[in-house]
Amino acid sequence: MKKIIGLTLLVSAWMQPLRACDVCGCSASNQYLGVLPTANLNFVGVQYLHNSFGSDHPSLFEGRPNERAQDYYNTAQLWGRYNIGGGLQVFAFLPYRYNVQRTDTGNATMSGVGDVSVLANVLLLKDDAAAPGWQQQLLAGGGLKAPTGSYTGVTERDKLGLPNMQPGTGSWDFMLNANYTLRRKSNGVNLDASYTLTTANSDRYKYGNRLNAGLLLFHSWKKAAFTLMPQLGCRYEYTMHDYDNYDRRWLNEQSGGYMAFATAGIQAYYRRLGLRCTYQLPVAQQYASGYVTANNKIDAGIFLLF
Amino acid sequence: MKNLMIAGLGALLLLSACQKNNDIAPDPAKVSMTITSPLPGQVFRSGDTVRLKAMVRYPGQLHGYELMLTDSLSGIVVHDLAQHVHADSFDIEDQWICAASGPSVIRLSLIASIDHDGDQARQDFSFTVNPH
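Sequence lines, in order, name chains A and B.
Its first residue numbered 1, the first sequence is counted upward by one per residue in the numbering used here.
Its first residue numbered 1, the second sequence is counted upward by one per residue in the numbering used here.
Just so you know, these hints were derived from the structure itself, not from any lab.
Fair warning: there could be bad hints in the mix.
Derived pair list, reagent style SDA-like, types lysine to any residue, alpha-carbon separation capped at 20 Å [as the list claims (entries may be wrong)]:
no., chain 1, residue 1, chain 2, residue 2
1, B, 20, A, 200
2, B, 53, B, 42
3, A, 126, A, 200
4, B, 20, A, 211
5, B, 20, A, 185
6, B, 20, A, 249
7, B, 53, B, 109
8, A, 126, A, 96
9, A, 222, A, 253
10, A, 126, A, 136
11, B, 53, B, 107
12, B, 53, B, 35
13, B, 20, A, 272
14, B, 53, B, 125
15, B, 53, B, 97
16, B, 30, A, 228
17, B, 20, A, 203
18, A, 222, A, 131
19, B, 20, A, 199
20, B, 30, B, 94
21, B, 30, B, 54
22, B, 20, A, 246
23, B, 53, B, 123
24, B, 20, A, 238
25, B, 53, B, 71
26, B, 20, A, 219
27, A, 222, A, 272
28, B, 20, A, 136
29, B, 53, B, 20
30, A, 126, A, 189
31, B, 53, B, 87
32, B, 20, A, 248
33, B, 20, A, 266
34, B, 30, B, 91
35, A, 185, A, 228
Produce the entire structure from the sequences given, and follow the hints as far as they go.
The following block contains the structure:
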């Protein structure tokens, strides 16, 4: 009996593990703007974003344990806004990503500069801030995400769970977005939506198109040069399936899905300096055929208005 | 403005409406498996390194493979390589050091998974390991 147990343990040590599958489709780039500081000022800032996912996928092969993984996405991002004339706002984002995947059988870390994005928004509606009653602001526009980030390509082994772990996507993507704010005195509501149209990269892998929409209620307290703006709201993200091979239209049905979050955040301003921090709690989700569970998200940043 | 927003929403709905999947219907008979090493009935000695070399081809998308060596007598799996990979071909290269202390018949099983619903193709044969 002891021999059998010993032999089994020895054999188990020889067995090469099955690596986690790419069931996520939770590529880190999912940019949104939310409540923005004073429209007529430019700003530059740094931002940190963290989110994570757990996956538990039944093995393809009989008698093997489930494929389990925890993916952690960390992004430090330089971003800014520049006004051109009175009605055009240009946003730019330069992320640095540090992604970690932990599985029962080992860890994988991928880090590097991510994809640069540029957005141009037109100020379609802006009421005078000094006017009494309701004040509206509507921005809408589009942009481009260039494949500047590091993308190591898809080799037979590396494609296991890794397309979504890459700092870059290797693809040119197009973004559409709209951001609407309605204020009355110190209270307001912000609605924003962005849609990313992806294209296939050189490995023919195509990340799913993404919709990201949010609603935020906010209140601002002002005292001398200090402003505090707490926010509460919700956010919805919908990601379409990835294609493993877009030329051949091989749809990865175990990627994509929706997530809904309750959000709470705060923005603080002191003269030209701003801080913002947001926490997102998942309240409903159906992702990657239910094999992936999104955890809490957090982002925090500091910016300088000029 | 209203028309623009309606057109925008319409465009987004169209873009999100459906996603084409051109993968073929699963057919295990169309999976081609070629194992070039070891060969059926080949005889090794304990301590030998057995090169494991195989190719899997399929006209559609495969979802993974498993290459398993099982001691026929005890039923114990002595080597197992499994990969969850989405591709239409696998070139598998691995090795196993024969560790049997007595004469053993080792069954090699190569399994290719065509989808996540249990459709698989497989090939099995045996080779022998004799004590040194």
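Hints, one by one, checked against the model:
1. B:20 x A:200: holds, 14 Å
2. B:53 x B:42: Holds, because 14 Å separates the two Cα atoms, which is no more than 20 Å.
3. A:126 x A:200: violated, 37 Å
4. B:20 x A:211: holds, 19 Å
5. B:20 x A:185: violated, 49 Å
6. B:20 x A:249: holds, 6 Å
7. B:53 x B:109: holds, 12 Å
8. A:126 x A:96: violated, 34 Å
9. A:222 x A:253: Given that 20 Å is the threshold and the Cα spacing comes to 50 Å, the pair is violated.
10. A:126 x A:136: Status holds; Cα separation ~6 Å.
11. B:53 x B:107: holds, 15 Å
12. B:53 x B:35: holds, 6 Å
13. B:20 x A:272: violated, 50 Å
14. B:53 x B:125: Distance of about 14 Å is within 20 Å: holds.
15. B:53 x B:97: holds, 14 Å
16. B:30 x A:228: violated, 65 Å
17. B:20 x A:203: holds, 19 Å
18. A:222 x A:131: Measuring from Cα to Cα gives roughly 18 Å; hence the hint holds.
19. B:20 x A:199: holds, 15 Å
20. B:30 x B:94: violated, 24 Å
21. B:30 x B:54: holds, 16 Å
22. B:20 x A:246: Within the cut-off at roughly 10 Å; holds.
23. B:53 x B:123: holds, 13 Å
24. B:20 x A:238: holds, 18 Å
25. B:53 x B:71: Since the Cα atoms of residue 53 (chain B) and residue 71 (chain B) sit roughly 19 Å apart, the hinted pair holds (cutoff 20 Å).
26. B:20 x A:219: Distance ~45 Å between residue 20 (chain B) and residue 219 (chain A) Cα, so the pair is violated.
27. A:222 x A:272: holds, 14 Å
28. B:20 x A:136: Violated - the C-alpha atoms of residue 136 (chain A) and residue 20 (chain B) are around 40 Å apart, more than 20 Å.
29. B:53 x B:20: violated, 35 Å
30. A:126 x A:189: Distance ~15 Å between residue 126 (chain A) and residue 189 (chain A) Cα, so the pair holds.
31. B:53 x B:87: holds, 18 Å
32. B:20 x A:248: holds, 10 Å
33. B:20 x A:266: It is violated: about 42 Å lies between the C-alpha atoms, which goes past 20 Å.
34. B:30 x B:91: holds, 17 Å
35. A:185 x A:228: holds, 14 Å
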